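Trainee: Here's the letter readout for the chains.
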Amino acid sequence: MNPRARVQGLVVRRLKDETLVYDLKRHRAHCLGLVTAEVWQACDGARTVAEIAAAVEAATGHVLGEDGVGLALLRLERARLLEGPRLPLPTSPARRAALRLLAVGSGIAVASIVAPTPAQAASCTPSGQCVVMPNTLCTGLPCCENVALHCTKKANGSNCSCN
Amino acid sequence: VLYAGARQLLRTHDRDEVLRLLRSHLEQAVAELARTRVFVHAGVVGWKGRAIVLPGSSHAGKSSLVAALLRLGAEYYSDEYAVIDARGRVHPFPRPLLLRDESELGRAVTAGDLGTSTGRRSLPVGIVALARYEAGAAWRPQTLTPGRAVLDLLAHTVMVRRQPEQAVSAFEQLVPRSLVVKGTRGEAVDAARWLLEAVEERRG
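Those protein sequence lines, which keep their order, are chains A and B.
When the letters of the first sequence are read in order and numbered with the working numbering, they come out as residues 6 to 168.
When the letters of the second sequence are read in order and numbered with the working numbering, they come out as residues 366 to 569.
Just chain A, with the same shape it has in the complex:
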């Protein structure tokens, strides 16, 4: 079965030579380099790996070969940007090492982040810091270790605590 790019549930934007993809289902964002993005776009379910390599070369001038396309497909699959059955992973250590070496020189890259929850994208007070604050200076911010608690005044105490 030939690789097919996933199209559902994604926000996709082209930014110069890169492509930004936001996965609405998994709340992950990915930045694809030029070559990887071209491989992804060429994955129409009809092209073979060899045909994808030829399409990428025609579009970008990069000679990837089937190994390079295979590596890009593994990266895209890891980011859950392909549909269909999983690709077979290279089994021998020598083969994996060769692919890693190829990745360094070819610009085949997918950078990813997990989108933060609102609590993760806000200031918090570590509980260790909260409990040494005098109770006139309690921050009122969520406590970093448990954002359901806030650094507030402890009843009858001279210091703050996570309550």
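By construction, these hints were calculated from the structure, which means they are not laboratory data.
All values derive from a computational prediction rather than experimental measurement.
We put the beta carbon where it would ideally sit given N, CA and C, even for glycine.
Some clues are possibly wrong.
As the list claims (entries may be wrong) - Which stretches of chain B does chain A cover? Using the computed rule of at least three CB atoms under 8 Å from a CB of chain A, they are:
| hint | segment |
| --- | --- |
| 1 | 374-380 |
| 2 | 502-516 |
| 3 | 527-540 |
With the hints as your guide, set chain B onto chain A.
Mentor: Below, chain B without anything else, positioned relative to chain A:
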């Protein structure tokens, strides 16, 4: 007594304590539910008509860097959220700075306390700097590509899970007109001087 829905948050006779916690909750709610602005967890100052935006996780050293920039004369915009509109401009969100230095733990200061003023107008962004504090580190930031810049901004955006398209659109406006750098910094004042000079150089 302060409630959030059915959950009791605080029971106290101290009015200031209640107001502090209420403000913290309201700020988070506004950041999460805003429809026309994108809230990024970041410090912000204004310098020569441009905003310097400092996204970062809690305790990455944002407030110290904001304070150092203010001491060098920058205008205060925020030490919690960069409020970004659809054109990629930044609006003020000036709550008191919460300093976390050992000697000043938990002390809230205003821009006036640091000898400067608070910005009132929205500004175009000059520089976005993802600067993480590491003792003894030298500030030698690397410039991010547009895609990596948007990715790093999304990593600090409050409502990204609810409105990712809106966030990406705002950053598409902001990033091409700005310098976006990332690195570790030591002393805040060194990075602050670098940032102010970089804004001036970009303005030509």
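Trainee: Does each hint hold? Answer for all of them.
Mentor: Comparing the hints with the structure gives:
no.: 1; hint: 374-380; in the structure: holds (count 4)
no.: 2; hint: 502-516; in the structure: holds (count 6)
no.: 3; hint: 527-540; in the structure: holds (count 5)
Comparing the model with each numbered hint stated earlier shows that all of them hold.
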